[in-house]
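Trainee: With chain B's structure known, arrange chain S on it following the hints.
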Amino acid sequence: MNTDKNIELHIPSVMGYEKIAMECAASMAKKMGFTEDRIEDLKTAVAEACLNAIEHGNKLDTSTKVGITLTVEESRLQVSVRDEGKGIGKIPTPNIERKIEGGDKPRGWGIFLIKSLVNEVTFEPSPGGGNVTKMIIYLEK
Amino acid sequence: MNKDIQVSISNKDDVSILNIKGDVTAITGETIEDAYQKVSTAGAKKILLYFDKDGYINSGGIAILIGVASESRKKEQKIRITGLSSHFQKIFDMVGLTKYTEIFPSEELALKDF
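Which chain is which? The protein sequence lines are B and S, in order.
Read in this note's numbering, the first sequence has 140 at position 140, and its numbers run on one by one without any break.
Read in this note's numbering, the second sequence has 92 at position 92, and its numbers run on one by one without any break.
Hints are computed from structural coordinates only; laboratory data are not their basis.
Hints are not guaranteed to be accurate.
As the list claims (entries may be wrong) - Just so you have them, the derived chain S footprint on chain B, three or more residues with Cβ under 8 Å:
1. 8-14
2. 36-46
3. 89-100
4. 123-135
Just so it is clear, CB atoms sit at the ideal spot from N, CA and C, and this is done for glycine as well.
In isolation and in its complexed conformation, chain B is listed as follows (with noise of 0.2 Å):
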């Protein structure tokens, strides 16, 4: 592997962090050629699966962190955000009408536009403990 082409950081898990990590993949996308579009999707993802990671993995502990990976390929962006935390179950698909009449809280989107935005997406126990969240996302959709 060619480690040259990989950008490791660590943010620490608070709110507002995520969009440190959002603009670090937004400058590498960028730097690769993707379009404006993708480099919006990407933004977004990366967004939540630091969202995810601080709020439900690490439960707003500030004395953990948050890991995020960027693995350059040649067509690809991959995409690593490791939390500490024991893992957030399954969540359902989220249903706009059940939100909106009251049915089911409001909140919960996360995963379903990680899903929406990236080509390619794995949620997993990370073998060092907590759990990885793993996007990737072509050049070209």
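Mentor: Relative to the frame of chain B, chain S by itself:
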């Protein structure tokens, strides 16, 4: 007041306009909800949400807007949206918010629709 967002209220005829500058997230949501409650309490039936094209909106912010859309239905208010970037227009469409509110390319066109 949250420094990541500024919401100002203005009126054009019988339309209340919420000018939303900055991030729309769970953290800033209270500022948007407060502005919405303020115009609702004043009796607004037509409300235009005017977003910042460069603003950051995340799933927490979308949840806030779903809450506003939900309440507006109960209060028989019309909500219209403008100022969104093409990316967030797509996101609002993906989550289904556009079933409950309409997005317009300009303030002028949004105001014309009410």
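Trainee: Hint by hint, note whether the structure agrees.
Mentor: Quick rundown of the hints versus the structure:
1. For the segment 8-14 of chain B, the proposed coverage by chain S is not satisfied: 0 residues have a C-beta within less than 8 Å of a C-beta in that chain, short of the threshold of three.
2. By the rule of at least three residues with a Cβ nearer than 8 Å to a Cβ of chain S, the coverage given for the segment 36-46 of chain B holds, with 4 such residues.
3. With 5 residues having a Cβ less than 8 Å from any Cβ of chain S, the segment 89-100 of chain B passes the three-residue criterion, so the hint holds.
4. Counting residues of the segment 123-135 of chain B whose beta-carbon sits less than 8 Å from any beta-carbon of chain S gives 0, not enough to reach three: the coverage restraint is violated.
Checked against the numbered hints given earlier, the structure breaks hints 1, 4 and satisfies all the rest.
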